[in-house]
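J.: Chain residues, written in single-letter form:
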Amino acid sequence: MTLQHYLALSAIIFGIGMTGVLVRRNLIVMFMSLELMLNAVNINLAAFSKYLHAMNGQVFIVFVMAVAAAEAAVGLALIITLFKNKETINADEVNFFKG
Amino acid sequence: MGQSIVSILPEILMTIFGLMLIVIDVMSKDEKKSGVGYFGIAFILLTLLASVPVGGFKIVGFDQMLVWDSYAYAFFIVFAIAYILTTLGSVDYLKANGINKGEYYTILYFSIIGMMFMVSATDLSVLYLGLETMAIAMYIMAGFNKKDKRSNEAGIKYFIIGAFSSGILLYGLTYVYGYTGSTKYSVIAEMLRTNGVENLNIKLGLVMMLAGFAFKISAVPFHMWAPDVYSGAPTPVTGFMTVAPKAAAFGALIRFVMVALEPASVQWQLFFSILAVLTMTYGNLVAIAQNNVKRMLAYSAISHAGYMLIGLVAANDLGYKAIALYMIIYGFMNIGAFTILGQLKNKGIIDDERLESFAGLSKKHPLASLAMLIFMFSLAGIPPLAGFVGKFYIFSAAIKSGLVWLAIVGVVNSAIACYYYMRVTIYMYFKEAEYDASIEMKPASSIATFIAVVFVLLIGVFPSFFINIVKMMIV
Amino acid sequence: MEQVIFYILAFVAIVSSLFMITRNSPVHSALWMLLTFFAVAGIFVQLDAEFVAAIQVLVYAGAILVLYLFVVMLLNPKSHGFIKVPFRYVIGVVASIIIVFQVLMTLKSSEVIGKLGWVTPQLAQELGNVKMFGKELFTTYLVPFEIASILLLIAMIGAIVLAKKD
Amino acid sequence: MIELLILLAPLAALLINGIFGRLYIKNNAHYIAIAGVLVSLLVSLITFVRVMGGHTVDTVVYEWVLAGDIKIPFGILVDQLTAYMLVVVTFVSTMVHIYSIGYMHDDPGYWRFFTYLSIFTFSMLVLVLGNNFLMLFVGWELVGLSSYLLIGFWYEKKSAADANKKAFVVNRIGDFGFYVGLLLVLVTFRSLNYSDAFNHEAIVHVKEATFKVFGANLSLLDLMTFGLFCGAIGKSAQFPLHVWLPDAMEGPTPVSALIHAATMVTAGVYMVARCNPLFAEAHITSNIVVYIGMFTALLGATIGLTQFDLKRILAYSTVSQLGYMIMATGAGAYIAAIFHLFTHAFFKGLLFLGSGSVMHAMENDLDVRKMGGLKAKMPITRWTYLIGCMAISGAVPLMSGWFSKDEILAMTFASGHYFPWFVTAVVGGMTAFYMFRSYFLVFEGTPRDKHKFDHAHESPLTMTVPLILLSIPAIFAGLVFGLPLENGIIHKMLSHVVAGHGEGGHHLSHATTYGLMALSTVIGIIGIYIAYVFYVQKPDVLPAKTAKAAGPIYKLFYNKWYFDEIYQAFIINPLVMISKFLWKGFDANVIDFIVNAFGWVAKFLGSVLRHLQTGRIQTYIFSMVVGVILLLTIFYIG
Amino acid sequence: MMANILTILIFFPVLAAFFLFLFFRSGKATMWGAFIASIIELVLTMPLMTNFDKSNPGMQFVEKYDWISSFGIQYYVGVDGISILMVFLTTLLTAIAILGSFTYIQKRQREFYIAMLILEAAMVGVFVALDFFLFYILWEAMLIPMYLIIGVWGGARRIYAAVKFFLYTLAGSVFMMLAIIALYFKHGSITGNYTFDILAISSQSYGGGLFETLVFLAFFVGFAIKVPMFPVHTWLPDAHVEAPTAGSVILAGVLLKMGTYGLLRFCLPITPIASINFMPFVAILSVIAIIYGALVAMVQEDIKKLVAYSSVSHMGFVTLGIYAFNQSGIEGGILQMFNHGIITGALFLLIGLLYERTHTRMIADYGGIASKVPVYATIFLIFTMGSIGLPSMGGFIGEFLVLVGSFKAFSNMAIIAASGVIFAAVYMLWMYQRVFFQSYNTGLHNLTDMNVREVIYIMPLIILVFWTGIYPETFTSYMHESVKQLVEQIQSIKVAMN
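Protein chains in written order, with our numbering: chain H, 3 to 101; chain G, 3 to 477; chain W, -10 to 155; chain U, 266 to 903; chain S, 232 to 729.
Wrong hints could be hidden among the right ones.
[Unchecked claim] Computed cross-link-like contacts, BS3-like style, restricted to lysine-lysine with a CA-CA straight-line distance of at most 25 Å:
hint: 1; chain 1: W; residue 1: Lys153; chain 2: H; residue 2: Lys88
hint: 2; chain 1: U; residue 1: Lys635; chain 2: U; residue 2: Lys757
hint: 3; chain 1: W; residue 1: Lys124; chain 2: G; residue 2: Lys103
hint: 4; chain 1: U; residue 1: Lys757; chain 2: U; residue 2: Lys642
hint: 5; chain 1: U; residue 1: Lys845; chain 2: S; residue 2: Lys536
Because the hints were derived from the structure by calculation, they are not lab data.
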């Protein structure tokens, strides 16, 4: 299996994740799509790490996961506070600031 | 190994002090929570003194993972200034809005550690993680005031768009790593020099990464989040957010661009010149259309990012020194302005930060409005004040590297900018009071404003001391 | 043989992620995401990054997904489906497709040029992926490890401050 | 250096009256003013005598304007020409000062009037005594200022306020030409001193030079002299710029007598005479001067015929007499011009003061139609007025006017200007006619307004004594200075000043001179007879009949050839319209529009861009994605 | 003391302002304090004038201290023939303006007098600065106090006027900053030593190519707006009409002179070749300014606006004189700057007096007040005549020298400019007639004549206006040597050019 295959796969998953963020109105699903994008990045890192015969790619994946976890925690905490105030997790209602 | 420890000595110190802050926070009683802030100031001053780089040396640590030098130290000064002024400014704000939690100061403190790593990073991993630490801290700070739905919205928006942009940054990072084979700046630079820059791979990686950075410094196509987040977040936090994270992003960006992408300088100069022009013009034009002062200062923050980009596009040593100096000056001016804005209470019906609530303020609070006048004219870049020195330095860098057209755009923009800064002074001095808005300057915030005013005047008239700090910087 | 496994995993990953973003209720999309994580773990194994695959399953599938499900259950929000306005829906999809296409354009010239690392096949057998991983992590990448710990600390404090009722 | 005293005395009077007048001196301001004038009169007479003895003075008091290569001193020049002018100015000024005591007796601004008189005397003396063109110009403008102040003395009246502004502006237009001439002199001779400008070699050297003005290559000397002459046109109320003099009658009569008869208006003649070396060489300009002089003379006389206001008649007669003098200078007869100026100052001053005392008697009503038969009531005024008329008409031999006017006619004829000679000869007749018309209407015949006639009484001594004193030179000035014809005392003295060729140029045989003199005397007598027939024998019939017969011409003359209306329509109104357009149209709409447009465009762009900020998270992320796509394409292509 | 007289002159008002700000609470006390400070400043200029060595064309009372050594920026001040008159004019007019606004400024007196003192310091600084950076800082620093004076104490449309004034001047001077930086680097690259020292930069020639033209244009735009020259003058009438009396006196008396001073100190010596190339262009602009200013002034209904447009016309003479590049032209220009300061300053003071009493500036509201206020009418007449350029007053000498100078350089322009003399008479006298003569307009009520204080602060201006007319040598002697040096420098380049 050549490097291109993996890069192609990660690109597609990255694209899907991006669509998810752009299209879905539900904040939680947007978060999940963000996680999906980070997964695509991990695939990329793993692929490069293999074809470069080096381990730093994989180490980086772990760091990315740590960041993902932290983001998830803070993101969901923010969603909970939003829910407490506005009883909604619909992205379009979060538009007090305009112009 | 010994030398490596010294290279991250400041960060270690900061972490130890950070942990002590958490303990202090837990121990202190509810109404004495501001004590945490004062301790934070003490700790940061201690670290500042402990890690003074003697004579612009360069300690490279952990096999070129990161480096502690006068460059990083200069930015550390900016973070320290931002932290001290914001803490002083927010003591009264937090009490007034009933969110007097110790964690406010702790998280702020930890975010500075992230920024320090970002600035001294010479490896992509340290850069990325430092960036993310700062980002996470800022998401929390933006959404800190749970009860106020505006702060909530700021937090959510900042989080999602921030996460998305760090996703893009990361994706670009993988391609840069993949193409050059290593995460170390020096190796990347070596690879680019030997293999040339025309490869599509590297172009993709480069654009994606720089897009991620552009988000952090709120350059135009990637700035959309800034106005809403800055207007939503609690005012002292906005002051902090417009200065420290932006300075860290610029510090990291300069080091990354000047060291790692040095061979590809034509590409990123083009990249940033487009961004610079768009950012300045967009920031200034929309700021004119605002009549909420906080939102206007948000847009002015964007336009100032544009001016700093000119320094970056100049790509000479004078350029990044100018950016560092500009950041220091911008820190004083902006946080000073936000502190005063934070203290503005408007018993009238409209929300307190509208221009009308500034009407006739100079009669009731001459000192506060004089300070605001000084900040506004300094932001506009009128000479006797520090803002002019910053802009002057930046434009000299641009002209030195022959970018006269960019300097002209910058100069025209700063002329346009004067209009909306002046509008505040018009309402304060020339108009009669419509609403009974008032600024009760509590002790802490008045100290912050006083320090800011003194420094703005000092740098304006005797800038040589501050220029010497910046002079020793070498990327 | 190796290609077949790759194509299966790739297919599963793509389909499940597509289903994830198109499901109405967040719970269904969470479950589909679980499937994506497993597919990705499989790919890691195929790229002989076994330790990372394990971590992937543990952290992503185990922790983050559970957190999502937990929050979804807590808030049990009404499902909103897709954005009403078709126009924004279409340009969103089109933009992502363009990005994907631009990334794929780089594939023709993307063979690895950089200096190859120290991992030779026989060293891999001898030390095993996990030991190599530990060696790399705790020697060259020690500082990022420390920063990650600070990062998680801040995330913890932040989450508590934001979520705790006071 | 006692000549300096001539200047200092009026200056001192002016300062004392000016500063202390309002509060302290009030009504006895005339003592100081007269003292000042008397001192300068005495010194002038002394200098006149010393100049007769050949003692001329040309000294520098101090360096006035210094700039690089330009050095303009503040200097005094006293030669024969100055001596004559000094005598005329100081003598007539003294007479007017004395006269004003009576005339302005109960006026609230009494001290102010005498201050202005001292200002005028001082400035006229500066003009006359200056030894360079700049001093001449300074005097020129200061005299304009004092005429502005004096005409507008009774500023409550709108007509007086308009008149003084009109006088100043019209003078200023003339001064503009003078300024250009002055600059030309400075550029060519590198100095403004008379000594440098008039030395013969310098003029010959410059004779052929031309000067490029707006593309046209005009001869330098002609341009220069024409510039200077424009100043004279303005000041001496010649043809295009004569409109201000009749309106200047708004001022008190002593003012008209002093300024608008004797001294100021003659400044133009003095200037041309002083610059005779230049004008002699500039043939084109000299011709222009002759024809302008001639036409002004004709213009003044024709309008004078039809006027009913006594002072207006005298004003137009002054315009006409000035035309004579200017024509004389144009024809090269500088000495004749000065001689006529000399005599004219006396009898015209006399006539004006006479009209002043008539006005005084008739409670300030000057309409000749309401007067008549005043000779019974005001004998001194009547006789002095008659002497004045006889002098000016040139019909009565041995009178001063007869000498000087006929000499001008002779000289014009001699210098080959036959047509101007003929026109001015006819004008001589007209002059005689309208002067005696005014005499007969005022003093002869039966009083037409019983009520006013009863109140009429002879003016007090302070007014009649100056009349008598003035009538003496009006009679004998010609005899004393004019005989023998063409080389009397004045001729011999002034020949030093006039550049060498003087009268020699075109000599006439004695026969023709006497013939010409006889002819002009006869024309004068005919003029008087017609006036006698018109206004004594059939006062009610003939004037009305001829007016009706003349019809349109009469109306033309009566309305001052419609010059005021023409200027108003073709110069003043368009100018005001243009400037209104420039202000409202250009300044407000164009420049300010552009300036405000910048602000408006910025605001508009701001409000447009502002709407990009929709507030929805998806839009923000979408803009980032688009940003990345665009930058990628740029980099892929670039 | 004499060595650093200039530093004292600059910093004394600032210290005084600071002292007043701290210790003086009541408006009245600050008023007298400020007045005494301005008098001391005026007295301090006397030794400067007397000890000035008139034969030395170079800079005198020079002080040079390092300020920002890394950039080659110094605190470098000195005064020569060209700038000494302006310093005297500034201190004189400020003292008179302060004394003049005792009754005029009622609200917030403290801030007003402090702003005036700071303004004075900045103005003196601009005229004596010999370091580009110092010059630019003071050049723009001056904007803030002036902006506040117009904005806070101005008339009805003060906000629009203040904003327009601020942005107009700023737009011009912003390009000047770029030119300064470009010069700094170009000079550095040619000679190797990077400095902002004006004399060093102006002694270096820049080859007359595109670089020099661009630098010249940048400077020219900045200064033309300040002068104001024809197309960019529309800020002046608004600023003048809305500014309080003291504001308009300083604005007309000193601020306009900075534009022409800038042309003399920067455009001519530093970019001579470009200046010579642009000579016809500037001359045409100046002549248009003269005629345009006069014509528009004719139809104004507001006295202050009329005097404002007359300033445009008078400053047109100054720029015409400067761009004649000969001794009499430039000296005439400088003298005209000085005279215009005195005459227009006095006119604004007088109009201010009138405004204080009748609260209207419209000519139509007045009529025949000469009978009610004779002393005021006479003084106003003196300055009207001065403004027209009547001999025996300074205006005439200035105009005469300018016309002589410009006649030598470009005769056609001089002739048209000379026609400006006619229009000057027209608009001034028409205004004077409608206000002072004709029948008394009963609409005006509490018209009282000038009291002693008002006569006292007008008296120095009256004396000066006659002094410059009768014996101008006292003032022109200062500038002979400096102007000769400047003219020789330009003539030598002009000769070299063709």
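J.: Does each hint fit the structure? Answer for all of them.
T.: A quick look at each hint next to the structure:
1. For the proposed pair lysine 153 of chain W and lysine 88 of chain H, the alpha carbon gap of about 17 Å is at most 25 Å, so the pair holds.
2. At most 25 Å may separate the alpha-carbon atoms for a hinted pair to count; lysine 635 of chain U and lysine 757 of chain U exceed this at roughly 48 Å.
3. With a CA separation close to 42 Å, the supplied pair lysine 124 of chain W and lysine 103 of chain G exceeds the 25 Å bound.
4. With a C-alpha separation of about 44 Å, the suggested pairing of lysine 757 of chain U with lysine 642 of chain U is violated against the 25 Å cut-off.
5. Taking the CA atoms of lysine 845 of chain U and lysine 536 of chain S, the gap is about 14 Å. The hint holds against a cut of 25 Å.
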